[in-house]
Every structure is written in C-alpha cells, then in structure tokens.
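**Q** Below are the chains, spelled out letter by letter.
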Amino acid sequence: MNPGFEVRLSSMRRALATVIMPAIDPGNPLAQEQAGLMLAHIGMLEAQWDKLEDYARLCMQDLVEVSGRIDAAGGPETLAAAAGLAALAGKPPVRGEVAYRALSEALEELVRAADRDGDAHFRRALHREVLLHANRQAARDRAWFAACGFDVNTADLPSIEKLIGRCDG
Amino acid sequence: MTERFGGDSRVVQLCPDHARHRAADPNDQDPTLAHMLDGRAAKLASSDYHPVAIDDITERLTRLFAQNLHPAAKVSGLRRLAGGASKEQFLFTLDAPCIEGSEQLVVRMDPTDGVLETSRQREFEILEAMQGVVPVPRPRFLDHEGTWLGASGMITSFEQGSTKPPQAGAGVSGLGTGFTPQWRERLGPQFLRLMAAIHRFDFRAAGLRHFAIPDADPFQAARQRVNLWARVWREGAYAPIPGFAVVESWLRSNLPAARELVLVHGDFRTGNYLFDGDSGEITAILDWELAHVGDYHEDLAWSLVEIFGARDEQGRYLCSNLMTVEDFIGGYERETGRIVDRDTLRFYRILLSWSVVAMASSGLTAAANRHNHQDILLTWLSMVTHPLLDEITRLMLEEKAA
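Chains as they are written, first to last, in this note's numbering: chain A, 72 to 240; chain B, 8 to 409.
Chain A on its own, in the form it takes in the complex (with noise of 0.2 Å):
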C-alpha cells in the first residue's frame, strides 16, 4: 500500500491550514505569508499533479509543430541554426521537459541568428510565427496557473480539464 500524491498534499494541506498556521506568531507577518503561500501552492499541485503529463504534451506538440514548419532562408548563421532546431524537433521527445527546453533555446537562437544574417521576408515570418506561439502558449499557462490570481483577463480562460481535453471538466 503506498499513500499516493492525492492524499498526501491533501493531508499536508489540512496540517498547514488547521495546526500549523493557528500556532504562528502574530507578529510575525513574513512567517504567516509563507505559510499562506504554501497553502496555496499545496493546492495549486493538487489540481495540478494527476494532469501534468497531458498538459506537457500539449505544449510538446505546438512547439514541435512550430518548429518543424520554419523554411529558413538567409546566411550561414541563419541556416546553421534552422538545421539545428530541425534536427532537434525531427526527434521523439526523451524527457519532456528537457526536450522542451532544448527545442525553446534552439529557436530562440534561430530568431537572434535570423536578426543578424536572415532572409528580411523570412525574419519577419519567424517573428510572426513565434509571437503567435507565445501568445498560445501563455494561453495555455494562464489557464494551467490560473489559481495563483495575478491574470485580470481571466473572464475566457478553459478550466485546466477542458485545456487538456478531459470531459470531466
């Protein structure tokens, strides 16, 4: 029998909320904000923790699918790049979250090589294409973060079960 996350963030919740939190000092204003923030995050990860691998492949797939449609034209600095983020986006992902990374600095290179030797038509559909990412892909966090409070725009954002396409939600 192993306890799984579900109950042990739900039993580290109630700790914090109905013990811990009741005995903090009063005077002690940083001390009650962290735990407050704990609280927070503890139930962030809940809704969070039994979700994660459907929401990484979500943004795997956009990425992947950005990167694998850039034609490049330009210099040799430009064309090394794109050869390289081409490379990188041909492969099946091995660990998500690396993977990810890798293919986000590969890109990233892509636009500053592209900004020094690019193709002018080709610069401007790279920065076309990877704003438009961005913008999908802070869609997608904002609705995945929404619980921490700080978006004002919330009024359209999918609850996170609708982002990843779960009819629960």
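Hint data in this document are derived by calculation from the structure and do not stem from the laboratory. These numbers come from a predicted model, not from an experiment. Every residue gets a Cβ at the ideal spot worked out from N, C-alpha and C, and that includes glycine. Errors might be hidden in some of the hints.
[Claimed, not checked] Here chain A is said to cover these stretches of chain B; the calculated rule only asks that three of the stretch's residues, wherever they fall, bring their Cβ under 8 Å from a Cβ of chain A:
#1 77 to 88
#2 189 to 203
#3 252 to 266
#4 314 to 320
[As the list claims (entries may be wrong)] Label pairs and their in silico Cβ distance ranges:
#5 THR100/B x PRO93/A: 52 to 62 Å
#6 ARG85/A x ARG241/B: 11 to 21 Å
#7 ARG145/B x MET92/A: 47 to 57 Å
Using the hints, position chain B against chain A.
**A** Structure of chain B alone, referenced to chain A:
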C-alpha cells in the same frame, strides 16, 4: 511597414531595420546598474542563503548606533516585516540620549540574490532628494558596503499607513489590492498628483551623484533600459522563452526618442504607497530602488502593466486598480501639461512587461539556487510570467497604436 499573414487576422509591426538595430548599442548601460549586475555574477556561486537571525541583526544594529550615534544607543523590539519581493526587512525601536523619546526605524538589507540587483546607495540618495517633494521615509543610515549589517543595507524612518484599506484583501507584493469606488476616488487624484510631482523634480539641479543622465542622444534613455532588461533576462532567465528574442529585436528596432527626461520612480503602483486608513491621505511613497532618470512614459507604462491593476464592479480594467486607462492618461496630461505619445507608451508597456518577467525569472533562479529568504514568494511571483507574456504578445500583435 506592416504585414498581414497566414489565417490570422491580426497585424504585426515587425520590420527590424538593420541600421537602427546596430545603432542600438548593447553595451550602452547605466554605469551604476551595470556595476550592480557585474556584482551579481560573482554571487551566483554562493552557498545557500539563510535568513538573518533576530539576535544577530539586533547586535549589529546596536553596535552600529553605539559607534555612529551615541554609545548608550539601544535597539529593541526588532521584528521581521513581510512585503518587499526579495529584501530582508525589519522594524525596530531605537532609544538614545541624543534623540527625543524613541524612534521606530526600518532596516532593509540585501540577501544573496533576488529579483534584481539594485543599489542601496542610490535608493538612499533619492530618498534624501525627495524630502519635501513627495512624502517618503526619512533616510537615516546607509551601510552600502555591509560593514555594520553584514550585507548592503540602509535604515529609514518607519512611516505610518497601510497599503490597503481596512478589511480589504490584497495579494503578495500589493498585487490585487481591493479598493471600493470611494477609495479609488480618494486615492486616484493623489496618485496622479504625486507622480506629476516626482516628474517635476529638477534632477539636474539636485546633482544626484549616483544617477546617470541618459542624454547623449535622444534614444539613449530607451536604449539603456532595453540593455538593462535584456541583460537581466539573459543572466537570470530560469528557462528560455523564444518569444522574448523577438521582443528584444523589436524593442531595439523601435527605440523612441525621449521628449523630456524626468526622474522616474520606476515602481509607481498600488502596493508601493502607504495611506491613512481614516483620511485616505497618502503618507509615503515606498520602494525607490528602481528610480532613475528617463522618459516620463516609463512611469505611465509601469502603472499600466495589467497585473498591477484590477477590474472594477462593471468589469472595466483599472490601472493600479484606481482609474481607467483613459482617465489615467488624460489626468496625467492635464496635471503636467505633457503630451502622452501612444506609440512611445506602447513601446514602454512592452519593455516593462518584459522587465517584470525578467525580474520574476531572476527571482525564480534565485529560489532554485536557494539564494533568498523568500524562495516560496519568489516561486509564487514567477507565475506573473504568463499574463505578462499574453499582454506583451497582444501589444505586439495589435495594430500600430493610433
């Protein structure tokens, strides 16, 4: 030049002009800030940061005042303060024969790393200069080198007031402060008047020693800010975001000429001023560590960063949760007689939203390196990235500002 593309109906203003791109010299940096960032690199190899112990800081403060104020000076009642995205802050009481009664003071110190390296020397100097201009804490002692405090720090007066109305809610760092319409009516006009007063301050006559004036050419003010935030992003990014390479390219290609240089507060928003819970009078403007000489559009754009605002009862967006964007810009123009250029404002909105992400990402890196006493706060604050990235991309994808 604009280009319409793909199946998307939005229009992008993206046309890097290589000549201007080269003119945007990436090495042109504010010397004080460049020096601070140089220092950050050296700190990155440091071991874990541990919060300062109450007994230790009490002892250090006692020694400081005994040797610099009066041998019988006594420090008591020291306690930690929350707030401040990454500084160690304590409130304490000072008693000494040479002061009348006792005095409540605040000490503010740097941990190993946080959202941004800033200069206590510069913050201290601007607090001195602002006395009588706008309400600010009185600077009392500067320990720039950390000789007494063990880390660079400064001591100021403790000012009465609150960052939120009684019984109102607020998130970390003053974000999401809840105001009723009545509070907005009381605070909004003061907010504008105080910003205008800061922008009227004669920084040239003040002879500020640690503030560079970016007037080598009309583009220097914008160029140095782009260079600053590009460096903060480059050196502190927790994870790559390819869109920011496009943002940086666009900013370098679209530097606005400064119409007029002013003293910019740099963090002028709800959460960074105190007010009296009864009268509603603003009693102190806080957090001057980002102050610099620059384009007046910067403070306006900062106040318009969406995460610093909120929606009112009718769902309208209010900047700093005080007033609509139109009322804010119109009010500033009436208060100062200056013209707000919408293209320049858009440039600074994009730059400053990016700057908040750069700071948030540096904070997350500091937390990952265990270089701060508020790792959990810095981790939480990093979640501002996504609405900001959305705001930046919307601004860049929208039609050229009318």
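**Q** Against each hint, give a clear statement of whether it holds in the structure.
**A** Outcome of the hint check:
1. 77 to 88: Answer holds; 3 residues pass the 8 Å Cβ test.
2. 189 to 203: With 0 residues in contact (Cβ-Cβ under 8 Å with chain A), the coverage given for the segment 189 to 203 of chain B is violated.
3. 252 to 266: holds (count 4)
4. 314 to 320: The restraint on the segment 314 to 320 of chain B holds, since 4 of its residues have a Cβ under 8 Å from chain A and three suffice.
5. THR100/B x PRO93/A: 52 to 62 Å: 28 Å, violated
6. ARG85/A x ARG241/B: 11 to 21 Å: The hinted range 11 to 21 Å is violated for ARG85/A and ARG241/B, with Cβ atoms some 43 Å apart.
7. ARG145/B x MET92/A: 47 to 57 Å: Violated, at about 36 Å.
The structure fails hints 2, 5, 6 and 7 (numbered hints given earlier, in ascending order).
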